[in-house]
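Trainee: Here is what each chain is made of, one letter per residue.
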Amino acid sequence: MSTGPADGTGRAGWSPTVALAGTVGSAAVLLGFAVLLGRQDLLVLALPLAVAVVLPLLTRPGRAPVVRVGTGAATLFEGQATTFSQHLEVADAVDVIRLRTYSEGPVELDESSRDFATTAAPNSRVVLEHRLDAPRWGRSRIGRVSLTVTAAHGLLRRTQTFPEVASVVTYPLRAEFSATDVVPSALGIVGGHRSRRAGEGVDPAGVRPFAPGDRLRRIHWPVSLRTGQLHVSTTYSDRDTEVVLVLDSAVEVGMSAGASAASNLDVAVRAAASIAEHYLRHGDRVAVLDLGRAGRPVRARTGQAHLFRVLDALLDVRVAQVSELAIGRALARIPSRALVILLSPLLSTAAAAQAAGLSRAGRTVLVVDTLPAEVVWPEPGPWLDLAWRLQLIERDNLAGALADSGVPVVPWLGSGSLDEVLVGLSRTSRAARVHR
Amino acid sequence: MSRLVAADRPVRQLYWYSWPGLAVRAVTVLAGLAVLTIPAAHDPVWTVLTVLGVLVAVGSPGQGGAGLALGSAVGGWFAAYGAHGSPPVAATAGYALALYLIHTSTALAAAVPLGVPVRAPVLLSWLRRCLVELAVAAVLAAASYGLARPDPSSALLLLGLLGVLVLVGLPVLLLHRSRG
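Protein sequences, first through last, are from chains A and B.
Positions 1 to 436 (our numbering) are the ones given, in order, by the first sequence.
Positions 1 to 180 (our numbering) are the ones given, in order, by the second sequence.
No lab work stands behind these hints, which were simulated from the structure alone.
There may be inaccurate statements among the hints.
[Said to hold, decoys possible] Here are some chain A residues pointing at chain B (derived, C-beta under 8 Å):
| id | residue |
| --- | --- |
| 1 | L31 |
| 2 | L55 |
| 3 | T150 |
[What the hints assert, rightly or not] Which bits of chain A does chain B cover? Going by a derived footprint, with three or more residues having C-beta under 8 Å, they are:
| id | region |
| --- | --- |
| 4 | 18 to 28 |
| 5 | 56 to 66 |
| 6 | 113 to 127 |
| 7 | 291 to 303 |
Here a beta-carbon is modelled for each residue, glycine too, at the ideal position from N, C-alpha and C.
Turn these sequences into a full structure, and let the hints steer you where they fit.
Mentor: Pasting the structure below:
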């Protein structure tokens, strides 16, 4: 639980309200005329107003209330909710405590919890709990509370802001994703993928005559007996691969409203998280490059801890325009045998052009189309439909140009959506090439 | 093929009012009506000023509307009964209550804007303090009537001077000390 400052001590900070001046003035005038004119009715008129000033001021508060904030959980997944609590410590008698809570990021407090008025008895601690929803992935800070305290029956007021906040991290929902274990360019000596070379592994590659150096346990006895010559069974060696997830964050279209509506960035982040989890679980190395922050890639690593590193990096994905030069520099550092998966809505040419360039340079590149099937537009306009149709035509042209450059484009459909393309890319990489 | 979908138009949000906020302002209005109806005669200038003050107090309680309403109500009282009149005790008590209600309801309304939800204990504790203040004022008023029997002018002089001294001196002293 994060805490706020406890600087509500001392009588300083209370300021008189307009009510104090108005009431003192009216009561003083009435009392003055009561004396001057010797009228008892004016004294009676003045008495309630005078009491309403004198009594509250005699019992005025010294210390102002202090508020501390906390959340039930510091990490959530999209769509989950937790509690946001405000611990209110009231030392002296106050009348009304108005709490206004500010938040940054995707978490949401309902309207009646963001700004409300309450009170508490002196020397008491009150815990106010509110529901905190996390409809979208990202980092949030909640809890900067502005406290307006009215005391002395409306005659004194004090406003204080408690800047301390509680942090909530909302991780993207990862779809059930699995892909074929065929990858175009397997590397290393261990891993979950079948390589193109025969070696130690489990996937059978064939049977061949025995050669010096073969292990005896590899002898395939049925074939050896049938042919009268020793044969051994061969297997493909196991290899791992390096997957580089490249996020095109140049544009964001569509409304991002949790599960009900997703923008292309939502789709890209969720897809990247799913793909990263899949390949990391299979022992591969995964790197993430957000083109919006091309200078800060997540380097290729393996293991469960790396998944959280990747997810942390995905939380910071924002729309950002980056020069083609910066994108080119970042992509040029990708290892030549890595599988590059570009997650892009194909609405800008910069990333697509660089992807085509990578493919021409011999790298294996695959584009995952992250444009949602339904793009929710918040402000419809008279030309929007036409503009959108033109944009889609341009997008189709871009996809066609990419395909011509040997870069397949597949829509993100969750589990299995990359299988066909990965098998195709694997075949292509095995095919004979003409070197000029 | 991606499809463009218009976002659900949010239901045009009416400004949301909390019932305690409305109730407090209703008290101000009722007290203002009482101030206008209790005196036997009405002066148009003071009436207009009182109405204006009440409207400002209801619409923007943080401004000086209550002060204007109280000041013009005092003026209206003088206009109705003259400088040496002797209004009925019931009317005086009712008028005093109305003036007090204008002050206290506006002070509370300034603390709870209309759109802010107010929890029930706020109103209950406010009401309790009002009853205490009214009780003290009633005791003092009754005492002043008792004291004034033998010699009204000297008792009034004493009470009035004491009241003015405390009323003006106390806020000045306390606020000066709190700032120091």
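Trainee: How does the coverage statement for the region 56 to 66 of chain A fare against chain B, requiring three or more residues with Cβ below 8 Å from a Cβ of that chain?
Mentor: holds (count 4)
Trainee: Under 8 Å, Cβ to Cβ, is where T150(A) needs to be relative to chain B, so tell me if that hint holds or is violated.
Mentor: At about 4 Å, which falls below the 8 Å cut-off, the nearest Cβ of chain B leaves the hint on T150(A) intact, so it holds.
Trainee: Can you take a look at whether the region 18 to 28 of chain A is actually covered by chain B? Rule is 3+ residues, C-beta closer than 8 Å.
Mentor: holds (count 11)
Trainee: Checking hints one by one. Is L55(A) an interface residue toward chain B, by the C-beta closer than 8 Å rule?
Mentor: 6 Å, holds
Trainee: Under 8 Å is the threshold here; is the Cβ of L31(A) close enough to any Cβ of chain B for the hint to stand?
Mentor: With Cβ-Cβ at 4 Å, under 8 Å, it holds.
Trainee: Using C-beta distances, would you say chain B covers the region 113 to 127 of chain A, given that this needs three or more residues below 8 Å?
Mentor: holds (count 6)
Trainee: Tell me whether the statement that chain B covers the region 291 to 303 of chain A is true, taking a Cβ distance below 8 Å and needing three residues at minimum.
Mentor: As far as the region 291 to 303 of chain A goes, the hint is violated, because 0 residues have Cβ atoms under 8 Å from chain B.
When held up to the earlier numbered hints, the structure conflicts with hint 7 and nothing else.
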